[in-house]
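Undergrad: Chain by chain, the residues run as shown.
Number of protein chains: 2
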Amino acid sequence: MSHSVPVFDPKLDLVLERVVDVPPELVWAAWTTPEHVKVWFTPAPWKTVDCAIDLRPGGRFFTVMRSPEGQDFPNTGCYLDVVENRRLVWTDALLPGYRPANDASGGPGMGFFTAMILLEAQGSGTKYTAIAIHRDEKGRKIHEDMGFHTGWGKALDQLVAHMKKK
Amino acid sequence: MSHSVPVFDPKLDLVLERVVDVPPELVWAAWTTPEHVKVWFTPAPWKTVDCAIDLRPGGRFFTVMRSPEGQDFPNTGCYLDVVENRRLVWTDALLPGYRPANDASGGPGMGFFTAMILLEAQGSGTKYTAIAIHRDEKGRKIHEDMGFHTGWGKALDQLVAHMKKK
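Protein chains in written order, with numbering that gives the first Met the number 0: chain A, 0 to 165; chain B, 0 to 165.
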């Protein structure tokens with residue numbers, strides 16, 4: 000079966016593109032294993048204190064982020080496209096089992112978003128592309144102001160540092 | 000890759016289950032071919048005057064329904080799960096390419112919904128299950144009051160009558 004081609008819209012979407020020196024298989028493992036996610040997913044001093052993954056289209060991607068003050072922020076997403084070592088897509092617009100969600104988990108006013116992680120082998124490393132797809136320009140702006148680039152970049156640094164120990 | 004198992008929740012979902020005397024291959028063709036959709040999709044005297052299908056996860060399912068008074072109602076959905084002759088899942092909570100949608104296309108107050116068509120061979124016919132999955136009880140109620148069972152049932156009668164001519 001053919002798969003969807005992501006179409007990047009600079010007015011609505013945010014993108015982080017980097018080359019990292021761990022191979023796609025390790026980046027994939029970092030994103031799809033709760034034990035790894037708990038270590039690297041949240042830029043310090045935030046923590047990820049819980050994670051559950053049902054890795055298939057329609058399956059659950061659940062995390063709980065804890066603020067430095069000790070407040071917990073649960074997030075529930077639904078996987079949409081799962082291609083091992085290549086592409087991981089999920090959204091908070093749907094709950095697991097594809098049920099439309101009531102509330103966006105990303106933050107006040109941001110609205111729902113869909114995330115795509117695209118991996119491509121490059122030498123012994125990985126060309127890493129993270130895309131956040133919003134329904135409107137307001138959602139994109141709020142996500143950007145919340146610190147998308149810094150936050151996702153710092154989390155990626157933590158991912159690489161963690162997986163290099165493997 | 001394993002696929003999602005639909006979980007029916009009677010408080011939130013609506014279901015139409017019937018056995019029809021055309022085989023799954025013909026029901027599948029009826030649902031996935033614009034020329035067929037335009038013939039059977041809307042209970043008369045409504046008409047379906049346009050249809051576009053990009054049959055893959057993330058692809059577009061587009062229809063325009065025309066009321067007896069001549070008003071057009073365009074609907075855009077995104078396919079989520081496509082298993083030939085077995086299972087077709089789409090939602091209006093996402094636009095094609097998995098972008099979160101701004102407005103539900105189902106009708107005032109109904110909210111987004113996800114539709115699943117499940118097909119199973121039964122003798123020379125098909126066990127046909129259509130499930131409409133809502134985010135809350137209100138959405139289910141509004142969809143039911145709009146005439147889900149009558150409307151989807153009448154459309155299915157039209158589908159069977161049309162495909163029997165093939």
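For the record, the hints were derived by calculation from the structure and aren't laboratory data. Just to be clear, a hint being listed does not mean it is correct.
As the list makes no split between identical chains, a pair holds if one copy fits it or if it spans any two.
[To be verified] Straight-line Cα separation of at most 20 Å, EDC-like style, residue types lysine to aspartate or glutamate; simulated pairs:
id, residue 1, residue 2
1, Lys37, Glu143
2, Lys137, Asp102
3, Lys10, Asp102
4, Lys137, Glu119
5, Lys140, Glu68
6, Lys37, Asp135
7, Lys126, Asp80
8, Lys140, Glu16
9, Lys153, Asp8
10, Lys165, Asp80
11, Lys37, Asp156
12, Lys163, Glu34
13, Lys37, Glu68
14, Lys165, Glu136
15, Lys153, Glu34
16, Lys140, Glu34
17, Lys140, Asp20
18, Lys10, Glu143
19, Lys126, Asp71
20, Lys126, Glu68
21, Lys164, Asp102
22, Lys153, Asp102
Undergrad: Are the CA atoms of Lys37 and Asp135 at most 20 Å apart within a copy, between copies, both, or neither?
TA: Result: close neither inside a copy nor across copies, 30 Å intra and 31 Å inter.
Undergrad: Measure nothing new, just compare the shortest in-copy and cross-copy C-alpha distances for Lys153 and Asp8 to 20 Å and report within, between, both or neither.
TA: neither (24 Å within a copy, 40 Å between copies)
Undergrad: As a check of your reading, is Lys137 near Asp102 (CA-CA no more than 20 Å) within one copy, between copies, both or neither?
TA: Classified as both; 16 Å inside a copy, 15 Å across copies.
Undergrad: Can you tell me if Lys165 and Glu136 fall within 20 Å by alpha carbon in one copy, between copies, both or neither?
TA: Answer is neither: 40 Å inside a copy and 47 Å across each miss the 20 Å cutoff.
Undergrad: At most 20 Å between C-alpha atoms: does Lys153 with Asp102 qualify within a copy, between copies, both, or neither?
TA: Answer is neither; intra-copy 26 Å and inter-copy 34 Å both fail.
Undergrad: How do Lys140 and Asp20 come out at 20 Å by Cα distance, when the copy is not named: within, between, both, or neither?
TA: neither (30 Å within a copy, 53 Å between copies)
Undergrad: My question is about Lys165 and Asp80: at a cut-off of 20 Å on alpha-carbon distance, are they close within one copy, between copies, both, or neither?
TA: neither (26 Å within a copy, 35 Å between copies)
Undergrad: At most 20 Å between C-alpha atoms: does Lys37 with Glu68 qualify within a copy, between copies, both, or neither?
TA: Within one copy only: 18 Å inside a chain, 57 Å across chains, cut-off 20 Å.
Undergrad: Is it within, between, both or neither when you check Lys140 against Glu16 at 20 Å Cα-Cα?
TA: within (18 Å within a copy, 45 Å between copies)
Undergrad: Between Lys140 and Glu68, at a C-alpha cutoff of 20 Å, which is it: within one copy, between copies, both, or neither?
TA: Neither, since 26 Å and 41 Å both go past 20 Å.
Undergrad: Up to 20 Å between alpha-carbons, please classify Lys164 paired with Asp102: within, between, both or neither.
TA: Result: close neither inside a copy nor across copies, 37 Å intra and 46 Å inter.
Undergrad: Cα distance capped at 20 Å. Does Lys153 pair with Glu34 within a copy, between copies, both, or neither?
TA: within (18 Å within a copy, 50 Å between copies)
This entry does not satisfy hints 1, 4, 5, 6, 9, 10, 14, 16, 17, 19, 20, 21, 22, going by the numbered hints stated previously.
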